[in-house]
Amino acid sequence: MRVGVFICHCGINIASVVDVERVAKEIEKHPDVVYVTTYKYMCSDPGQELIKREIKEHQLDAVVVAACSPHMHEKTFRDAAKEAALNPYRVEIANIREHVSWVHEDREKATKKAIKIVRSVVEKVIRDVPLEPISVDVTRRCLVIGGGIAGIQAALDVAEAGYEVILVEKGPSIGGHMAQLSETFPTLDCSQCILTPKMVAVSRHPRIKILTLSEVEEVTGYVGNFHVVIKRKPRFVDENLCTACGDCEKVCPVFVPNEFDMGLSLRRAIYIPFPQAVPSSYVIDINSCLGLEPLICGKCAEKCEANAINYDDKGGRIEVDVGAIIVATGYELYGKENFPEYGYGQYEDVVTGLEFERLLSATGPTGGELRRPSDWKVPKTVVFIQCVGSRDPDNHKPYCSKICCMYTAKHAMLYKHRVPDGKAYIFYIDIRAGGKDYEEFVHRAMEEERITYIRGRVSKVFREGDKLVVWGVDTLAGKKVEVHADMVVLATAIVPSEGTRDVAEKLKCATDENGFLKEAHPKLRPVESLNTGVYYCGVAQGPKDIPETVAQASAAAAKAIDILSQPKLYHEPTVAVVDGDKCTGCKTCVSICPFNAIRFNEELKRAEVNSALCEGCGSCAVACPSGAITATNIRDDQVIEMVKSVLQEA
Amino acid sequence: MRVKVGGEEEEIVAKVEEISGQNIMLCYQCGQCSASCPMADYMDLIPSRVMKMLQLGMVDDVFKANTMWICATCLKCSVMCPKDIDVAAVMEALRQIVLRRNEEYLSLGKISKDRIEELPQIALIASARKMTP
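Protein sequence lines, in the order shown, are assigned to chains A and B. Residues in the first sequence are numbered consecutively from 14, following my numbering. Residues in the second sequence are numbered consecutively from -16, following my numbering.
These are calculated hints, taken from the structure and not from any lab test. A couple of the hints might just be wrong.
Unchecked claim - Straight-line distance between alpha carbons at most 30 Å, and here's what the computed BS3-like set of lysine-lysine pairs gives: (1) 492/A to -13/B; (2) 480/A to -2/B; (3) 69/A to 53/A; (4) 657/A to 595/A; (5) 390/A to 66/B; (6) 66/B to 492/A; (7) 59/B to 393/A; (8) 493/A to 66/B; (9) 492/A to 93/B; (10) 415/A to 449/A; (11) 493/A to 480/A; (12) 480/A to -13/B; (13) 415/A to 349/A; (14) -2/B to 393/A; (15) 66/B to 415/A; (16) 519/A to 581/A.
Given the structure is predicted, the values throughout are model-derived calculations rather than measurements.
In isolation and in its complexed conformation, chain A is listed as follows (with noise of 0.2 Å):
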């Protein structure tokens, strides 16, 4: 064996702890090592360079690279070697930054503990096997699970570069919260005038299919194909048939709250969400129809002259191939119940946000013209609460919406504009207003609406007569303040959907301690899943404003493209093996895979590995009972060489 070393200062991040040269001239004495060498910046052009050069000088046929963590730079090294003509599975990491330099201040020690590390490496790769990646093939097919303006924009970009897309919607419609919004800080354009044109677009766009009422149910397989189980619930009208012409709604005899303005108006059991409803189908809420015992109703059926209402609508089950997969599953607000202080649900007349949006909107319950739920006046005095159950880690939730300093100072702006005489108090902690044009926006809603910013968080509000007092202070002012509201509306935080639980559970994708989809990195892979193949965007995956989750979207949707246009893919082949003539059949591996990689071949009686899912964790080799699996380049005799050469003085 010819082996190379070459160790890297890292600037001062490994020479100043770690004395590199000691550890060249310790790591020169073992017999298979034939070059040592020391650099400033290995991961510079010129320190590639000099690991090129170096394998054609002296014949390397392997190298061992001590530096940083194999995450930032092992493929930067194999990449390099393989262009010197040697096998990248030859090269291997030690890592003498983080685990050492970073972590200790004593020098000797650290310098021990350097060379312990970069020996027992060459131990393994001189028992390195050179390895060739494995290929598969791709489906040329993207899943968007969420049909809210994520999902849209996303399923848009991926069908727009050529590939088919199934958009998967939890609702009767696409569309999310964003249909119901009234208008969009900081232009105040009508949400619906700039949301329905992608609708549109979707619904009429070839490559677009969409699923709505229905929900992933099963996902398996692995990036370029992954198999999908789709349920689907039945809707009992055909949406080709329907016409949306609203015959049967006019004689459905059942009234429920319509969850589309919060519960603030009334719909019938067989409804349109909205008028813009994609796909513009009416839908029967199972839940509250009669029709489904046709004694007993049945009444828009008979009304309906495109025949499109089928009582006997059982859903179904959609099976389909893809190759990369986007969720946006969106949010929900933080349940209102959690405020007991703020008189939510003894008070009338405090109001979420989304529910104040559905008064200012033009479709909502008031067509456009604010009034209040509990006798339906004009409100003269509204106070808005911001963080209401954000920034407060000792009781709800730790983070910041980021949307509710935006979204109040437009609510008490459009509230002024309908009611120009009324006045608006906002109780804030701060103003984070950190997006284009934001601030000016903020700054227009206190100097020309003149709304009075009250700088505290309030601890009560209650009723006095018809008005709602609300107690809480001014801090920049030092004193408490009591304000008389006809009307107050709490910026509740957000928090991920139910849904986004579910499919991260069925993805096995990672979630933050708040539920939040957890990125693969914060920074440099903002929109990628540590599963390779699934990506995220919108409030899923953490707070965000529509031009953030638009721009989320389109990035993953770029890149799923990324993995759709690669004519074959290609994965690590470091995987564990079955040694068929070993494996007892005992199942071990089968449960512990955390990849679902493994598969118990009945016929034959033994584990088989599909190494394209495999991840090469080791997990089955470490439980196999007969010894029957290895973990490639990480077998038993390569860890019991490092160990031993780590038990060595140094």
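Given chain A, put chain B in place with the hints provided.
The following block gives chain B in isolation, referenced to the frame of chain A:
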């Protein structure tokens, strides 16, 4: 004591705006005026807090404080304000409102004759106007 926000005090604030020609709502509490004010250490309420209290209609507290009388009208606050508010003009408007009430704060009759002769005339006029007996 809790201060009720949104009452008739707002009329007084409107008057302050009218006299000074300033939009009180422009203030976003950066504190530049107070940081620049050479007299702020001697004031009951620093200038930026006066601005905030006016926004909230807390005029009683503002009139109780000595701020407007300590103000030397050096105009530093007006020069430094990032929102171009003439804070000194706001202080002057506050003084004008109090002065127009015609209440006697400095009774010249109560000052002894000897002392009156001792004091420069300009000081007497200034203190009568600024009400700092």
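Taking only the CA atoms, is the gap from residue 480/A to residue -2/B under or equal to 30 Å? 28 Å, holds
Given the hint that residue 519/A pairs with residue 581/A, test it: the Cα-Cα distance must not exceed 30 Å. 26 Å, holds
Holds or violated: residue 480/A with residue -13/B, Cα cutoff 30 Å? 13 Å, holds
Straight-line alpha-carbon gap residue -2/B to residue 393/A, limit 30 Å: 23 Å, holds
For the pair we were handed, residue 66/B and residue 415/A, check the Cα-Cα distance against 30 Å. Cα-Cα ~26 Å, so holds.
Starting from residue 66/B, check that the Cα of residue 492/A is at most 30 Å away, please. 25 Å, holds
Would you check the hint for residue 493/A and residue 66/B, treating anything up to 30 Å between C-alpha atoms as holding? Holds - the C-alpha atoms of residue 66/B and residue 493/A are around 27 Å apart, at most 30 Å.
When you check the alpha-carbon spacing of residue 415/A and residue 449/A, does it fall within 30 Å? 14 Å, holds
Holds or violated: residue 59/B to residue 393/A, with C-alpha atoms at most 30 Å apart: 39 Å, violated
CA of residue 492/A to CA of residue -13/B, is that 30 Å or under? Status holds; Cα separation ~10 Å.
Does residue 480/A lie within 30 Å of residue 493/A when you go C-alpha to C-alpha? Since the Cα atoms of residue 493/A and residue 480/A sit roughly 19 Å apart, the hinted pair holds (cutoff 30 Å).
Taken at face value, is the distance from the CA of residue 66/B to the CA of residue 390/A at most 30 Å? At roughly 38 Å apart (the allowed maximum being 30 Å), residue 66/B and residue 390/A break the hint.
Violation of the numbered hints given earlier is confined to hints 5, 7, 9; the remaining hints are satisfied by the structure.
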